[in-house]
Structure formats: C-alpha cells, structure tokens
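Chemist: Each chain is listed here by its residues.
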Amino acid sequence: MMEEDDFDPEKVKRFMFVNRKAPYGTVYALESLETVLISAAFDQDVSVVFVDDGVFQLKKSQDTKGINMKNFSPTFRALEGYDVEKLYVERESLEARGLSEDDLVVDVEILGSDELSKIMAAQDVVISN
Amino acid sequence: MSMLHTVNKSPSERNVLDSCLRLAAKGSAILLIEDGVYGALAGGQAADKIASRMGDFKFYALGPDLAARGLSEAPLVDGVKVVADYGGFVDLAAEHEAHQAWL
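Listed in order, the protein sequences are those of chains A and B.
Under this note's numbering, the first residue of the first sequence is numbered 1, with each subsequent residue one higher.
Under this note's numbering, the first residue of the second sequence is numbered 130, with each subsequent residue one higher.
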C-alpha cells in the first residue's frame, strides 16, 4: 500500500479508459471521449480501450445527419495529436459483432482478451464507461 | 389487430429484444430503433434469433439510426426491411392498432 507521504506529483500514472457502450443511444461514449481529451492535458500515460458494444464507437461511415446528433467518430482520429496513441480493441468483441479491423475509423491495436487483461492489470487508474 | 413494437436497446447490452420476441403476439411488427438497430446486423449476436422468428413477425430497422452508426451498407439479416425515414416510422405507427415501446 502506498503511504500518503509517498505521493509524488511528478510521477506519471497509467490511466486507462474502458469504453463498453455503443455511441448515440446513450451519452456515455461521448462523455468518455471528452474525459480522455481532458486527461490528455495532464501529460499522463493514457490508453483507451474498446470492448463489448464500445467497439461500435469506432465503426466507419457514421452519418448522424438523420438523427440530429454530432458525429464524434472523427475525433478518435485526432487523439494522436493529443499524444493519446494507445488505442486497444478487444478481438473477441469485434468478432462477436461481425466486424474486422477494416471496419474501424482509426488505426488501433487489436488484442485478445488475455493480452488486454494483462495491460489492464498494470494500470494505476481505470475509468470505465 | 396487430401491434407495432419498438426495441431501442442493443441486444449485446440489454435483453430487451429477447423479451419482445418472447412476449409479442405472432403477426406483430417489430421496428428496431436507436441502439436496437444493432440487432439487425447479419454478423451480429442477435442475427440467428431474428432469422428464426422471421415467420412470426415483420422486422424493420430505422434508416437514420443505421446511418448514424455507420451501418447503411452493412449486411442485415435477410428479411429485415429498412424504414427510410421518420415519416416511414409514422406510417408504421398509423398502420397498426397500437404501439408497445420496449425500453
């Protein structure tokens, strides 16, 4: 256990954002993305994970004109400019939905559950949406 | 006498579609809207469930919700009809005696 006296404000922490919800049906996906963008301002080690219905956030060709909502999927391509470069997608979640890497709007690292589990276990902070 | 049912949740997030398929009377129309449209994906987790009930229900998916989710060109379960716009939703509502919204 870390003692309070050990707190080091200079230490870079590993933050992981876990996205499990589809876009548009609820506001979780958009709120999570905004949290990621805010976290990028604090120069931490940020990774963003997409599992379960969260993989649908990255689906190409989203066109939201017909539902009067903002299409936020292009923002995932801008994350690199904020030094958020670790985007992980769980292979099992993609396959269960009939999707492949070619269906995604941005370059990601596709990992199996076992690999993703190890990366998750190594985080200092995990924020789940 | 037939009813229009709407399902607005993803089948891989909630069990709304299962409940609708279990309780809707045969001959009903089922319109997938919002995150419910993921249920219509041919490669998705609900594809077999919907395909196996094609004889019991008429299945529809709302076009603007498919487009928003990048699914306009995605293969849907055979027999699912795309409702082009909200006017089509209104037409379906008007053609049926009642509407049940599964939330």
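Since the hints were derived computationally from the structure, they do not count as laboratory data.
Don't be surprised by glycine CBs; every beta carbon is placed ideally from N, CA and C.
Heads up, some of the hints might be wrong.
Stated by the list, open to error - List of simulated lysine to any residue pairs, SDA-like, C-alpha gap at most 20 Å:
| id | chain 1 | residue 1 | chain 2 | residue 2 |
| --- | --- | --- | --- | --- |
| 1 | B | 210 | A | 67 |
| 2 | A | 60 | B | 171 |
| 3 | B | 178 | A | 60 |
| 4 | A | 59 | B | 142 |
| 5 | A | 65 | B | 142 |
What the hints assert, rightly or not - Simulated coverage check for chain A against chain B, where a stretch passes if three residues somewhere in it have a Cβ under 8 Å from a Cβ of chain B:
| id | stretch |
| --- | --- |
| 6 | 10 to 24 |
| 7 | 28 to 39 |
| 8 | 50 to 57 |
| 9 | 85 to 98 |
Said to hold, decoys possible - Okay, the calculated bits of chain B under chain A, using three or more residues with CB under 8 Å as the criterion:
| id | stretch |
| --- | --- |
| 10 | 138 to 148 |
| 11 | 183 to 197 |
Chemist: Each hint: holds or not?
Modeler: So, going through the hints one by one against the coordinates:
1. B:210 to A:67: Within the cut-off at roughly 19 Å; holds.
2. A:60 to B:171: holds, 17 Å
3. B:178 to A:60: Between residue 178 of chain B and residue 60 of chain A the Cα gap is close to 26 Å, so the pair fails against 20 Å, i.e. violated.
4. A:59 to B:142: Between residue 59 of chain A and residue 142 of chain B the Cα gap is close to 17 Å, so the pair holds against 20 Å.
5. A:65 to B:142: violated, 25 Å
6. 10 to 24: Holds: 4 residues of the stretch 10 to 24 of chain A have a Cβ under 8 Å from chain B.
7. 28 to 39: violated (count 0)
8. 50 to 57: holds (count 3)
9. 85 to 98: Held - the stretch 85 to 98 of chain A has 3 residues with a Cβ nearer than 8 Å to chain B, which meets the minimum of three.
10. 138 to 148: It holds, with 4 qualifying residues against the three required.
11. 183 to 197: Satisfied; 5 residues make the cut.
The structure shown violates the earlier hints numbered 3, 5, 7.
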